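Quick note: the sequence shown uses the numbering used here, first residue 1, plus one each step.
Nothing false has been slipped in among the hints.
Subject to a maximum C-alpha distance of 20 angstroms in a straight line, what follows is the list of computed EDC-like cross-link-like pairs (lysine to aspartate or glutamate):
no.	residue 1	residue 2
1	Lys-149	Glu-165
2	Lys-148	Glu-174
3	Lys-336	Glu-233
4	Lys-311	Asp-354
What follows is a list of derived Cβ distance ranges for each label pair:
no.	residue 1	residue 2	range
5	Phe-104	Glu-350	44 to 54 angstroms
6	Lys-20	Gly-241	22 to 32 angstroms
7	Val-417	Glu-46	49 to 59 angstroms
8	Ala-339	Gly-241	24 to 34 angstroms
9	Thr-291	Lys-20	30 to 40 angstroms
10	Gly-321	Asn-194	38 to 48 angstroms
11	Glu-46	Ser-356	53 to 63 angstroms
12	Pro-168	Val-320	48 to 58 angstroms
13	Glu-175	Val-45	23 to 33 angstroms
14	Met-76	Met-429	46 to 56 angstroms
Keep in mind that the hints were calculated from the coordinates and are not lab data. Keep in mind that this is a model prediction, so the values were computed, not measured. We put the beta carbon where it would ideally sit given N, CA and C, even for glycine.
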Amino acid sequence: PPNQSKSNTNDNTASSVEYKPFIVMGTAYAYPDEDEPSQGRVIVVECNSGASGNLKSDTEDQMLRHVQQVADLPLMGGIYSIAPFYGGNILVTCGSKTILCQLFASVVTPGELLLNYVGSGHHGHLISLYIKSLVSSDKSLSKRSTEKKQLAIVGDLMRSIALVEYYPKHQVIEELARDFNSNFCTEIAMLTNNIYLGSENYNNLFVLQYNPNATTEQARVRLDTVGHYHLGEMTNKMVGGSLIMPSNNPAGTVGAAANGKGASDKASYETNRKVNITVGSQTLYGTVDGTIGSILGLGGKSFAFLNSLQKAMDAIVRPVGDLSRAQYRAWEQDQKKHASCGFVDGDWIETFLDLSRPTMERVVKEMNLDTRWRIRDDGKGFRAARDDGRQNLMDTEDGGMGSTDVRTSLHASALTVEDVLGAVEEISMLH
Numbered sequence: 001p002p003n004q005s006k007s008n009t010n011d012n013t014a015s016s017v018e019y020k021p022f023i024v025m026g027t028a029y030a031y032p033d034e035d036e037p038s039q040g041r042v043i044v045v046e047c048n049s050g051a052s053g054n055l056k057s058d059t060e061d062q063m064l065r066h067v068q069q070v071a072d073l074p075l076m077g078g079i080y081s082i083a084p085f086y087g088g089n090i091l092v093t094c095g096s097k098t099i100l101c102q103l104f105a106s107v108v109t110p111g112e113l114l115l116n117y118v119g120s121g122h123h124g125h126l127i128s129l130y131i132k133s134l135v136s137s138d139k140s141l142s143k144r145s146t147e148k149k150q151l152a153i154v155g156d157l158m159r160s161i162a163l164v165e166y167y168p169k170h171q172v173i174e175e176l177a178r179d180f181n182s183n184f185c186t187e188i189a190m191l192t193n194n195i196y197l198g199s200e201n202y203n204n205l206f207v208l209q210y211n212p213n214a215t216t217e218q219a220r221v222r223l224d225t226v227g228h229y230h231l232g233e234m235t236n237k238m239v240g241g242s243l244i245m246p247s248n249n250p251a252g253t254v255g256a257a258a259n260g261k262g263a264s265d266k267a268s269y270e271t272n273r274k275v276n277i278t279v280g281s282q283t284l285y286g287t288v289d290g291t292i293g294s295i296l297g298l299g300g301k302s303f304a305f306l307n308s309l310q311k312a313m314d315a316i317v318r319p320v321g322d323l324s325r326a327q328y329r330a331w332e333q334d335q336k337k338h339a340s341c342g343f344v345d346g347d348w349i350e351t352f353l354d355l356s357r358p359t360m361e362r363v364v365k366e367m368n369l370d371t372r373w374r375i376r377d378d379g380k381g382f383r384a385a386r387d388d389g390r391q392n393l394m395d396t397e398d399g400g401m402g403s404t405d406v407r408t409s410l411h412a413s414a415l416t417v418e419d420v421l422g423a424v425e426e427i428s429m430l431h
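Using the sequences and the hints given, assemble the complete structure.
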């Protein structure tokens with residue numbers, strides 16, 4: 001029977017001495033009488049760039065460059081997803097199981113590598129389609145091997161997303177929490193240890209939050225939904241990254257360097273700004289229609305400002321064809337439909353740059369009357385407005401809050417058109 005490739009990843013898998021790069025692929029045997037494959041393999045291959053190991057110096061002798069299989073592991077089921085994990089290991093989803101695999105040197109045959117699974121894995125899903133962790137295959141894994149918690153998320157065919165943790169001491173994978181909503185996942189992404197992004201088959205995006213410090217066990221085992229958004233296209237790929245070149249700015253901040261300010265007046269420039277855009281995670285997504293987009297995690301103040309701008313534009317700007325943006329972006333699944341929350345529509349925000357000057361002034365006036373752009377957001381919604389609950393995708397390390405007190409921020413001067421233009425231009429340069 002044909003051996004079909006279903007999943008692959010580039011993993012810096014560990015040997016006994018140092019980390020080496022390998023390509024790990026998952027396959028499945030496709031039998032005509034089986035709805036789901038009952039057999040599959042995890043294959044590890046090594047790319048040899050030439051006799052000297054230098055790709056540039058060996059371009060003239062391409063016959064020396066080859067790819068060879070170094071190890072494989074047969075499993076009872078098709079391999080749906082593979083993700084690099086802590087300590088140079090890999091996580092594999094095979095049917096309804098999540099398995100931790102490790103590549104090690106053979107003690108019998110010198111120079112031979114063996115691939116084997118560690119422990120008994122984790123069971124409890126219908127079909128485990130996706131597996132993600134915070135370990136990146138293009139970065140050194142040695143820094144990640146000392147993490148206290150080795151977490152990963154699993155996307156199920158019907159049961160949404162579950163959070164699992166691997167315990168190296170006992171070599172077991174246990175489920176910590178799960179989303180009890182029924183979401184047919186089409187892709188997932190792990191933004192931080194506590195914030196997870198997913199897409200489902202009704203062309204919606206959703207964000208889940210893990211609360212390890214909750215007071216009750218019932219709350220600790222549940223992933224809370226903190227964001228809903230209708231994208232309008234089915235997402236089938238999410239990766240961490242950005243479409244722009246990385247800058248030398250401090251992590252999570254944009255502003256002075258993006259606006260061409262020199263180092264000498266950078267501090268004074270940022271001090272006089274009314275709005276500082278703080279960015280956390282950066283995720284790229286692709287859809288079945290060929291669209292490539294970017295999802296940015298925002299700090300609390302940044303979200304409060306951009307969400308206030310979005311509401312002001314909804315009230316002032318007349319959309320094309322009188323089609324309501326709020327209605328289009330509303331979450332809709334079967335018979336359930338409710339307004340989007342936790343997201344800011346970046347496409348809509350950037351249309352502010354195309355407005356006429358009088359319209360801009362009206363939008364800014366509406367924001368000053370609303371005043372919610374000044375309010376510090378703690379990740380659960382505006383403290384001064386209970387009807388805007390769960391209005392933040394806050395996934396930066398410190399939330400982008402700084403140490404400014406809420407009462408101090410309320411005395412800030414009113415916004416001007418230039419303040420809003422500067423903030424929107426910053427956002428537009430991040431993708």
